[in-house]
Amino acid sequence: MNGRPPRRRPAPAPARAVAGSVRIVGGRWRGTKLPVPDLDGLRPTSDRVRETLFNWLQPALPGAVVLDLFAGSGALGLEAVSRGAARAVLVERDPVQAANLRAAVQRLDAAGQVQVVEDDALRWLAGPGAAAGPFDIAFLDPPFAAGLWQPALQALLPRLAADAWLYLESPPQQLPAPPPEWVLHRELRTAQARAALHRGPGRGRADTLAPANPAP
3 MNGRPPRRRP
13 APAPARAVAG
23 SVRIVGGRWR
33 GTKLPVPDLD
43 GLRPTSDRVR
53 ETLFNWLQPA
63 LPGAVVLDLF
73 AGSGALGLEA
83 VSRGAARAVL
93 VERDPVQAAN
103 LRAAVQRLDA
113 AGQVQVVEDD
123 ALRWLAGPGA
133 AAGPFDIAFL
143 DPPFAAGLWQ
153 PALQALLPRL
163 AADAWLYLES
173 PPQQLPAPPP
183 EWVLHRELRT
193 AQARAALHRG
203 PGRGRADTLA
213 PANPAP
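When you read off a place in the sequence shown, starting at 1, and then add 2, the result is the number in the working numbering.
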């Protein structure tokens, strides 16, 4: 023995506190709860807004390729697949939350349809991974305080199909928007957020989405 005290292993990092959960509101995984950890900027889209959004999108979902760019809880991307989308890519930079998403995908036996990417959204869009598109539906709901709508739109739009659907969520007083050739199809506002659904300029098929069902 050399008389040195034994080295102590560093204590494991404390588990990320869980702030609550959200549930998938429709489709084959209806009622499934997804954990929402206590993360700065993580603000899941409310059940009420998601219900309205997916009522709008339902005719466009079967067979769609979906991108949930700032995935957070994963509620938007997983809801889309639950309701008939062919596959989805969920991009989340926080390693703990990305692990939560991978666990949810495993629990749902959805690895064949849902890919979880642990990366910064803008960096991923600039790299080869985004070639998984073109995407038919994209959800853009970044942390409100980060102000990432315009740089994300600039990087995202070339990755979308010509007639894609683009969902933007922002504070009620902010109006981020894609270029003018993208048509605002539906919107609703609550006290906490503005939800807007846009349609791409290459609208080659009839618009069959459901009429608006604004939240009170």
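Think of the hints as simulated: they come from the structure by calculation, not from any bench.
Any given hint might turn out to be false.
As the list claims (entries may be wrong) - Ranges of calculated distance between the beta carbons of each label pair, as one might list FRET restraints:
no., residue 1, residue 2, range
1, P174, E53, 16 to 24 angstroms
2, L186, P160, 26 to 34 angstroms
3, V98, A147, 18 to 26 angstroms
4, P61, L186, 12 to 20 angstroms
5, Q108, S48, 32 to 40 angstroms
6, Q115, K35, 24 to 32 angstroms
The beta carbon of each residue, even a glycine, is placed where N, CA and C say it ideally should be.
Checklist entry - For this structure, which hints from the list above don't hold up? => result Hints 2, 5, 6 not satisfied by this model.
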